[in-house]
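Given the sequences, and given the hints that come with them, work out the whole structure.
Here the protein sequences line up with chains A and B, keeping their order. One point on numbering: in the numbering used here, the residue at position 130 of the first sequence is 130, and numbering is uninterrupted. To convert, take the position in the second sequence, counting from 1, and add 1000; that gives the numbering used here.
These are computed hints drawn from the structure, not numbers from a lab. Hints are not guaranteed to be accurate.
Unchecked claim - Okay, the calculated bits of chain A under chain B, using three or more residues with CB under 8 Å as the criterion:
hint, stretch
1, 16-27
2, 71-82
3, 111-119
To be verified - Over 10 Å on every C-beta distance to chain B, these chain A residues come out as not near it, computed from the model:
hint, residue
4, G85
5, I88
6, L176
7, E188
8, A196
9, D204
10, A206
11, R222
12, I228
13, I231
14, D232
15, F278
16, D295
17, T311
18, R361
19, A408
To be verified - FRET-style restraints, in silico, Cβ to Cβ:
hint, chain 1, residue 1, chain 2, residue 2, range
20, A, R23, B, K1247, 32 to 40 Å
21, A, R6, B, E1199, 53 to 61 Å
22, B, E1106, A, L15, 20 to 28 Å
23, B, D1440, A, N261, 54 to 62 Å
Ideal placement from N, C-alpha and C gives every residue a C-beta, glycine not left out.
Each chain is listed here by its residues.
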Amino acid sequence: MHIIDRRLNPRGKSLVNRQRFLRRARDSVRGAVRDSLTSRKIREVESEGEVSIKTGGINEPTFRRDSHSGNRDHVLPGNRVFRTGDRIKRPPGGSGGGGDEAGTGDGEDEFRFVLSREEFLDLFLEDLELPDLAKRRLTGSDSFDIRRAGYTTSGSPSSLSVPRTMRNAMSRRLALRRPTTAEIEELEKDIARLEAKTRPTEKDRATLDALRERLVVLNRRRTLISYIDPIDLRYRRFEQERRPISQAVIFCLMDVSGSMNEHMKELAKIFFILLYLFVTRCYRHVEIVFIRHTDSAQEVDEETFFYSTETGGTRVSSALEEMLAVVKDRYSPLDWNIYLAQASDGDNFTRDNPQTTALMRDEILPIVQYAAYLEVSNPPSSGVTGEERATNLWQAYAEIGGSGGKFAMRRVHSRKDIYPVFRDLFSRRSATARAS
Amino acid sequence: MNAPASTLLYSGSDWNFDTLQRIYDACETIAIGELDLNVYPNRIEVITSEQMLDAYASTGMPIFYKHWSFGKQFLANDLLYRKGLRGLAYELVINSDPCISYVMEENSATMQTLVIAHAAFGHNHFFKNNYVFRQWTDAEGILDYLEFARHYIARCEERHGQAEVERVLDSAHALMQQGIHRYPRAAPLNLNAERRREEERRAYEESNYNALWRTLPNKKPTHRESRDMRQKSLGLPQENLLYFLEKSAPRLRGWQREILRIVRLIAQYFYPQRQTKVMNEGCAVWVHYNILKRLHETGQITEGAFLEFLHSHSNVLYQPTYDSGHYSGHNPYALGFGIMEDIERICRDPSDEDRRWFAEFAGCGDPLNVLKDAWANYRDESFIAQFLSPHLIRKWRLFKLDDREKDDEVEVAAIHDEQGYQEIRRTLARHHDVAGIDPDIQIVDVDFDSDRKLMLEHNVRDRVLLQREEARQVLQHLADLWGYQVILTEVDAADRKTLNSYAIDPRPGIFY
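Listed below in structure tokens is the structure:
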């Protein structure tokens, strides 16, 4: 008998099959991922998740006997009351109390399974038609920076520190009294001088012998104690460091008045999710604050934020005020990187516009890293393709537009329009990364 | 009461490889020495739960070719496992020589003992001795064959593209249950015997030669005769659809035929397992129960360990009643073990009724021999038909329901009384006959004269037709492989009336 320990065998034997399955069911899985977004919280978008798809393309048909037609019989355990000849109403479901045919009904229509974090993000981003580069940025796990961290005794030749190595070599040579080149040359000169004498005295001969002997000793010592020894080698050491070590807060502002419909809210949610994904790549600790507003604003949890409707007018400045209050209360701009993402259908009281603009320009933009305004609207109806009516809020924000590159605004009809909003953000980031 | 520590195999729930070896040796002493089992050499492999899920996905085999359906299987099991809806099996055993048993690292020492006794001796003995396995499977060759299959299919993917190979596999999998030879056939004649037969036939013709026959006018063979000849040359009717396609489909390429063959041989390999589920599990449970009982009696495991064992043992044997809300068919473990325990009782302490029903062995006092004979020479259907006793029918309170298509009500046809025993036993046996559960579908004819239509027949029993939508999909696969139209007629087995029929054309561009 043999006992074999297989636990150390390579893992993920089913990975290939799993990928093949996902590839085959790609379209339906992508749809399922999209659907599951509505039930997921923004923070959960990064965890693995359960999805369910219709078995359309992935069922495996076999010849089966129909569970409804024909005559059949069953043998069941646990009779308590029946006698031969009793007649019982057929239980609903048709197949007479389960019996041996149970489980071979018409098959379930749904197939549920768990997608890993990578698979989920991949499909989510693919659905948004993101450029590959951006996808890599978002799906890649933590981004690390390389930082110098002292010296080490081993490493690759390219990271050899020559000054450090030479210094070590020199001190070792000194400590072990390795004869220097000058010393030996001196000695050789003396020997040469004595040898040059035509009539050396007895004393000269003795000195010459001593000197020669000493030269041999020195030469041997020189070969024994090498100029640079492996123990002198020092390499520069590098450490990976997660960067930057800091925290950020995202303010999600949304107009929840009656004019915002499901489609618009979904677009807004995707926008917030993308911002969240992006920001978590850059900061170790990320918090989200949800502020909804009609003509007054309040901070709410995510559930309420997306799924409850309020009635009332629309006063955007109320949300900005609320945000400033929260910032003052909890998120000092000195300690936090602040991001603002605002979604709205563009309605605002006309007379609120000046105040909104002022708040945005003078109070908020100076303290945030980035502010984005997303104007969501219904998909354009096929007939009307002309210039869109500039909404109230759009006109107001348009004045701020250029200031400092911190503010981005975009109109969005469908999912794939959302990504370009971030393009500025990405390019700006890589520029600063180069600079540092 | 506690046995001296020195005889204990282990204490506590931790184990290491020495413990496993000791446990195995102790089990072997009892299984071989006392129960006199006949087993393949054993190999025990320790795996993690993730590897167990992997193994589930490839139908328990350590080596398997790649296909998306296994990924689907994996994801489904994975979800159930994560949600805690289903625990993993403690073991998995492969019918091969040497017999490989997987045990999970999470198992406690007691569970490992149970698993070794159950798989390495119980299942192993059954695999080696049962006639269905001996007749149909080649334990020695299976691992090599799977290795070959995996390589072959991987090579095909390289050469012909993954999508092409996947299409063949999809189609083959759909027909997998129809890729089985259900009855052993006469061995093909070898060439020498063939020649001898031919000579004998000629000699007979010469001895009976009569010139008068030549004067009869030559007449064309009738429709019926030509059909008979065609059927004979093609080996029809044929129930093994994959075999027929492999040998006779006109347009398949060599590698496609080989893939059909691989799928068909693997289906054939698993066929005995489907036929002997009840017996196989019953045998394994009986063996582990007796081994652990002996270990306990001889003081090799503690009282605590024995209680832990009894706990999982009785979990395995749980059989909910039909109205309990979680009834989902007969638990094969409970059914098999129940009957085997009952055989033991009948051998040792029979009642008058048992003597009447089981005259051959009631009171013989040697249950082990009776059981071994049953394990070797029966499959589920015949086993139940032979050994299910009135005592058990009463104990389980079995009853039979008749459910007729035209009635609104179901009728209780038999209960656990003198009139009902035979009926219940016969019906339960029939329900464990795989050939009776699977629909009986055969290829009956090919229209070679005109458009190469392939004609199939479903012999409908009890007026239970095929599930329409799926039948259509499977026939589509069949038509794709065959390359021409396929017609399936559902014919009532009793009065030969046609109940339903399908005609499916191949989709262009799938294979041709």
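Exercise. So which of the earlier hints does this model not fit?
Worked result: As far as the earlier hints go, 4, 5 are violated by this structure, in ascending order.
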